[in-house]
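Chains as they are written, first to last, in my numbering: chain A, 19 to 572; chain B, 19 to 572.
Just so you know, the hints here were simulated from the structure itself, not pulled from any lab data.
Model, not experiment: these values are computed from the prediction.
Cβ atoms here follow ideal geometry from the backbone N, Cα and C, with glycine treated the same way.
A couple of the hints might just be wrong.
Stated by the list, open to error - Covered by chain B, per the in silico footprint, the following chain A stretches (three or more residues, Cβ under 8 Å):
hint : region
1    : 55-63
2    : 369-381
3    : 408-417
4    : 451-461
5    : 482-490
6    : 493-507
Said to hold, decoys possible - Listed next, with one range per pair, are the computed distances between beta-carbon atoms:
hint : chain 1 : residue 1 : chain 2 : residue 2 : range
7    : B       : 472       : A       : 79        : 42 to 52 Å
8    : B       : 334       : A       : 61        : 19 to 29 Å
9    : A       : 61        : B       : 105       : 49 to 59 Å
10   : B       : 526       : A       : 60        : 38 to 48 Å
11   : B       : 136       : A       : 216       : 20 to 30 Å
12   : B       : 556       : A       : 79        : 30 to 40 Å
13   : A       : 509       : B       : 202       : 49 to 59 Å
14   : B       : 120       : A       : 351       : 36 to 46 Å
Chain by chain, the residues:
2 protein chains.
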Amino acid sequence: MHNGTVRIIPLGGVCEIGKNMTAIEHADEILVIDSGLMFPDEEMLGVDIVIPDIGYLLERADRVKGIVLTHGHEDHIGALPYVLRQLNVPVWGTKLTLGLVRSKLEEHKLLDSTELHLVAPGDRFNIGCFDIETIRVTHSIPDGMGLAIRLPGVTIVHSGDFKFDYTPLDGKPVDVPGFARLGEEGVTALLVDCTNVEKPGHVQSERVVATMFETVFRSAKGKIIVAAFASNINRIQQVFNTAAEFGRKVVVVGRSMAQNIEIAEDLGYLKIPDGSRIRVEEIPDRYPAELVIMTTGSQGEPLSALTRIAVDEHKKVKIEKGDTVIISATPIPGNEDLVARTINHLFKRGADVIYDPIAPVHVSGHGNRDDIRLMLSLTRPKYVIPVHGEHRHVAKFIELAGDMGIPSDRVFRMEVGDVLELDGEGARLGEKVAAGDVLVDGIGVGDVGDVVLRDRQHLAGDGMFIVVIGIDRNTGAVVAGPDIISHGFIFMEEAGELIEEAKAVVLATLDELVVEGDATEWAAAKSDIRSAVAKFLYARTHRRPMVVPVIMEI
Amino acid sequence: MHNGTVRIIPLGGVCEIGKNMTAIEHADEILVIDSGLMFPDEEMLGVDIVIPDIGYLLERADRVKGIVLTHGHEDHIGALPYVLRQLNVPVWGTKLTLGLVRSKLEEHKLLDSTELHLVAPGDRFNIGCFDIETIRVTHSIPDGMGLAIRLPGVTIVHSGDFKFDYTPLDGKPVDVPGFARLGEEGVTALLVDCTNVEKPGHVQSERVVATMFETVFRSAKGKIIVAAFASNINRIQQVFNTAAEFGRKVVVVGRSMAQNIEIAEDLGYLKIPDGSRIRVEEIPDRYPAELVIMTTGSQGEPLSALTRIAVDEHKKVKIEKGDTVIISATPIPGNEDLVARTINHLFKRGADVIYDPIAPVHVSGHGNRDDIRLMLSLTRPKYVIPVHGEHRHVAKFIELAGDMGIPSDRVFRMEVGDVLELDGEGARLGEKVAAGDVLVDGIGVGDVGDVVLRDRQHLAGDGMFIVVIGIDRNTGAVVAGPDIISHGFIFMEEAGELIEEAKAVVLATLDELVVEGDATEWAAAKSDIRSAVAKFLYARTHRRPMVVPVIMEI
Numbered sequence: 019m020h021n022g023t024v025r026i027i028p029l030g031g032v033c034e035i036g037k038n039m040t041a042i043e044h045a046d047e048i049l050v051i052d053s054g055l056m057f058p059d060e061e062m063l064g065v066d067i068v069i070p071d072i073g074y075l076l077e078r079a080d081r082v083k084g085i086v087l088t089h090g091h092e093d094h095i096g097a098l099p100y101v102l103r104q105l106n107v108p109v110w111g112t113k114l115t116l117g118l119v120r121s122k123l124e125e126h127k128l129l130d131s132t133e134l135h136l137v138a139p140g141d142r143f144n145i146g147c148f149d150i151e152t153i154r155v156t157h158s159i160p161d162g163m164g165l166a167i168r169l170p171g172v173t174i175v176h177s178g179d180f181k182f183d184y185t186p187l188d189g190k191p192v193d194v195p196g197f198a199r200l201g202e203e204g205v206t207a208l209l210v211d212c213t214n215v216e217k218p219g220h221v222q223s224e225r226v227v228a229t230m231f232e233t234v235f236r237s238a239k240g241k242i243i244v245a246a247f248a249s250n251i252n253r254i255q256q257v258f259n260t261a262a263e264f265g266r267k268v269v270v271v272g273r274s275m276a277q278n279i280e281i282a283e284d285l286g287y288l289k290i291p292d293g294s295r296i297r298v299e300e301i302p303d304r305y306p307a308e309l310v311i312m313t314t315g316s317q318g319e320p321l322s323a324l325t326r327i328a329v330d331e332h333k334k335v336k337i338e339k340g341d342t343v344i345i346s347a348t349p350i351p352g353n354e355d356l357v358a359r360t361i362n363h364l365f366k367r368g369a370d371v372i373y374d375p376i377a378p379v380h381v382s383g384h385g386n387r388d389d390i391r392l393m394l395s396l397t398r399p400k401y402v403i404p405v406h407g408e409h410r411h412v413a414k415f416i417e418l419a420g421d422m423g424i425p426s427d428r429v430f431r432m433e434v435g436d437v438l439e440l441d442g443e444g445a446r447l448g449e450k451v452a453a454g455d456v457l458v459d460g461i462g463v464g465d466v467g468d469v470v471l472r473d474r475q476h477l478a479g480d481g482m483f484i485v486v487i488g489i490d491r492n493t494g495a496v497v498a499g500p501d502i503i504s505h506g507f508i509f510m511e512e513a514g515e516l517i518e519e520a521k522a523v524v525l526a527t528l529d530e531l532v533v534e535g536d537a538t539e540w541a542a543a544k545s546d547i548r549s550a551v552a553k554f555l556y557a558r559t560h561r562r563p564m565v566v567p568v569i570m571e572i
Numbered sequence: 019m020h021n022g023t024v025r026i027i028p029l030g031g032v033c034e035i036g037k038n039m040t041a042i043e044h045a046d047e048i049l050v051i052d053s054g055l056m057f058p059d060e061e062m063l064g065v066d067i068v069i070p071d072i073g074y075l076l077e078r079a080d081r082v083k084g085i086v087l088t089h090g091h092e093d094h095i096g097a098l099p100y101v102l103r104q105l106n107v108p109v110w111g112t113k114l115t116l117g118l119v120r121s122k123l124e125e126h127k128l129l130d131s132t133e134l135h136l137v138a139p140g141d142r143f144n145i146g147c148f149d150i151e152t153i154r155v156t157h158s159i160p161d162g163m164g165l166a167i168r169l170p171g172v173t174i175v176h177s178g179d180f181k182f183d184y185t186p187l188d189g190k191p192v193d194v195p196g197f198a199r200l201g202e203e204g205v206t207a208l209l210v211d212c213t214n215v216e217k218p219g220h221v222q223s224e225r226v227v228a229t230m231f232e233t234v235f236r237s238a239k240g241k242i243i244v245a246a247f248a249s250n251i252n253r254i255q256q257v258f259n260t261a262a263e264f265g266r267k268v269v270v271v272g273r274s275m276a277q278n279i280e281i282a283e284d285l286g287y288l289k290i291p292d293g294s295r296i297r298v299e300e301i302p303d304r305y306p307a308e309l310v311i312m313t314t315g316s317q318g319e320p321l322s323a324l325t326r327i328a329v330d331e332h333k334k335v336k337i338e339k340g341d342t343v344i345i346s347a348t349p350i351p352g353n354e355d356l357v358a359r360t361i362n363h364l365f366k367r368g369a370d371v372i373y374d375p376i377a378p379v380h381v382s383g384h385g386n387r388d389d390i391r392l393m394l395s396l397t398r399p400k401y402v403i404p405v406h407g408e409h410r411h412v413a414k415f416i417e418l419a420g421d422m423g424i425p426s427d428r429v430f431r432m433e434v435g436d437v438l439e440l441d442g443e444g445a446r447l448g449e450k451v452a453a454g455d456v457l458v459d460g461i462g463v464g465d466v467g468d469v470v471l472r473d474r475q476h477l478a479g480d481g482m483f484i485v486v487i488g489i490d491r492n493t494g495a496v497v498a499g500p501d502i503i504s505h506g507f508i509f510m511e512e513a514g515e516l517i518e519e520a521k522a523v524v525l526a527t528l529d530e531l532v533v534e535g536d537a538t539e540w541a542a543a544k545s546d547i548r549s550a551v552a553k554f555l556y557a558r559t560h561r562r563p564m565v566v567p568v569i570m571e572i
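Build the full structure now, drawing on both the sequences and the hints.
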């Protein structure tokens, strides 16, 4: 590696949406940007979250100087506890971001052992050899920032998750001059959020939602329920504002919603007018027309408040005919089904449900095409790395950059583990490093891999069929069983005949084997039993449960 | 029941999308409209299809006079084999519909025993006491029809799945005068397709897709792959037409696509110019720019052709840089994730992917709001039943009808099993009948219910943990095991310690029990072991595998 070489190594968040984490390496020092989690996809049965594989960092632990967090969304801070548990390094972030991080570290009992550094957008400071400047951006959570990382001969800019909101609710707009100044100075490489590259034009300001809220609140006859992301502090502020405007009280439902509101209000990011909030127990004391219920569940998450309310499983909140429900979010790809289901249940119970795109009750936190073009215009980077998008977003981005005169050989389509080397001579992809997904299930981290997932998928499809046989260790004769235990395969109470026949198949298979009481024989016997039973069951049912023969030597 | 009373009983396809089936009852005779299937939702693990529960019909089997099929989509004919197996009644349908039905009945070995009656749109005939007239409609499959069912004093009209396409590819437009005539005569109740009631305006004609195809085909440099629904014969015709226009040969890939094309061509619904189709084996003999691959997989279905091509698992078709893939369909709700995944894989391999709404390469087969308004205007029904929509569509439909002066007490929000009674005095909901879902898994029909599904979901989440113990039937002493067999729970190769501790927990639990060699004692013993092991495993892993204790008496 050339002395002045700077290496950019995404460990997550490229060609995928989620688990954002990037390592910047220079002169034997490493800076980490973000440590996010990703939610598991459909096939990752039973998995709670997915985090980046940080093996590369662990092998160079002494070189890692710190982690800078761009903002407080889970896909940027959600893996932090797991990272810090293995790599105790200092963390830098803005006030709200660190407020959310503190709460997380407390849950994981890591707060006391972690060094947290508070920064404000616009600050400039050093982490090791990295000269860092933070630039305010607007997003769907307050206090987000982009980063400029200056090194000898190389300046890297990370856009953070951004939109150009010129009329943000908190009065703190995106620092356009800041990005322009960087472009003037010279940006070697720009990592840019390309989530909404498929959407034309300029994404709307958060303020337009207020107008829509007013329209809905004005005509709503019963109680109003608003579901939004618990982290969307500005949206929550708008709900409180509009509720106050129409003389309604706000009830907060949902643990993460209540927790985030507490943190945001404590730190000054949310202003709740005195007396405008009441407790959930007070709902029966009020007319429906006096209420706004602010809740989680905008993604149709199975155990969330709105989902339970929709199926009448919430003890305190019931849907009544004439209620209005506003789903102030759009489904994250993959959640469309869950959201649709919740919407149907709400309609079924007599509520009027208002959701995007039927009515504009949500705006995205990510910039559309013209916003991305503006970011490229301001920063005028030599090289570009589109981040926070999937392959199709990256492909569209390369087209967009091409239209602006940035040739495709200066846009790097990076995947997790790819290495971009920057130096005086230019930029090139170096040798890949090990990187990927680590699955978290319960408190176990990383042990759920292909084998376990494949088994879960098999069990999920057709259940299990266990055959237990007791065999005399000396004679090889069957002295107990075969007993059959089965779950998730077939309705057992009507399968009596099938079970008896399966037992006969097992016995017939054993008869054909010459059993010598040897462990290797057992392996062969089990294999034969498994095949014979599986074949029999498939012929009779066209189903393939997991057949598990158990032989007990007695 | 009043002598002249007509009862409308939806057995599927209301407040849900799929398994369309409606029973019309009058004077001890029953007419059935459609027998469709529904695809399982996410929680129905391992289930292949969902069909309507026809218990109501089976209890009155001698009264059922026949089944009329509105068109050949799976959600209208897919359950037919399962219905006919239990209820052998004659079936009426148009030429293409019966062509597809024949193929299905042949697979199920029911073709010889089924009486099929060919009708054409515009025909009028009797089935028992039911005076039936068929009216041509346009949809995303040719040869679809609506129905008028005349009974003394009551006329019921079923719109079928419809759109108003005035320039259909096959030159057979929707019979607007036919519906107008019915309205003139007097329609008591209209069952109307409300799938696209959330979409404003008038849905576009199939022909606009041809224009888009031309644009894409004109500029495509490599081979072109078009994915579409195998039943969308008109779309397939447009692919053949455009391919011929640009001098490309068409290769058909995917079993259902090939099968449907064969049936459609045989019956005259598809015209394939001589020499325009070549076999998949000839692909290597041609330049990419000479090829169009017509394939299944527009829904990202896991085993479909396009999905396999996208992950490079298709032996004959490989993606090369510069290829163009057109996804000529939109994701059915629930499939967005699968389709997005396929699109990403294709982009990753260097294809340019064209999909809705980035480019209009698909139009829906269902009418939008203005089309629904037109249907209501033409038929002027006294009562309306919105069908083929979920709760949210029905709610929007009631609004739309209200805007047109149809009060909500004349629109019936019916669910499966509801009964609408029509007679000289009006219409009212009668007593519900038993109806619902029957799950089909492999060749088993109806046995996969709540218990089996719940077990599959448990196994899917955290796998299984089997504890096998051999106990002396006389002394109650443990003579073999405990052996642990586990799948889908944890990575066993690193869980040695956990397994040993689990065995200790089992032995400790058994020590505390006074075992008398009695079956009821075993039940208690198993229950104690299950609790103790589950508690132990949860404390150590925060996972809840299905714990299955097996006690063998020896």
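Can you confirm whether chain B covers the region 451-461 of chain A, using C-beta to C-beta distances below 8 Å and requiring at least three such residues? holds (count 3)
Within 49 to 59 Å: is that where the Cβ-Cβ distance between residue 61 (chain A) and residue 105 (chain B) falls? violated (38 Å)
Evaluate the given range 30 to 40 Å for the C-beta pair formed by residue 556 (chain B) and residue 79 (chain A). holds (32 Å)
Should the hint that residue 136 (chain B) and residue 216 (chain A) are 20 to 30 Å apart at their CB atoms be regarded as holding? violated (47 Å)
Using the beta carbons of residue 526 (chain B) and residue 60 (chain A), state whether their distance is inside 38 to 48 Å or not. holds (39 Å)
Count residues of the region 493-507 of chain A with a Cβ under 8 Å from any Cβ of chain B, then say if the count reaches three. holds (count 8)
Are at least 3 residues of the region 55-63 of chain A within less than 8 Å of chain B when you compare beta carbons? holds (count 3)
Falls inside 19 to 29 Å, the C-beta gap from residue 334 (chain B) to residue 61 (chain A)? holds (26 Å)
Taking beta carbons only, do three or more residues of the region 482-490 of chain A come closer than 8 Å to chain B? holds (count 4)
Does the hinted range 49 to 59 Å hold for residue 509 (chain A) and residue 202 (chain B) at CB? For residue 202 (chain B) against residue 509 (chain A), whose Cβ atoms are near 53 Å apart, the range 49 to 59 Å holds.
Starting from the hint 36 to 46 Å, judge whether the C-beta atoms of residue 120 (chain B) and residue 351 (chain A) obey it. holds (40 Å)
When I compare C-beta atoms, does the region 408-417 of chain A have three or more residues closer than 8 Å to chain B? Check passed, 5 qualifying residues.
Taken one by one, the earlier hints fail for this structure at numbers 9, 11, listed in ascending order.
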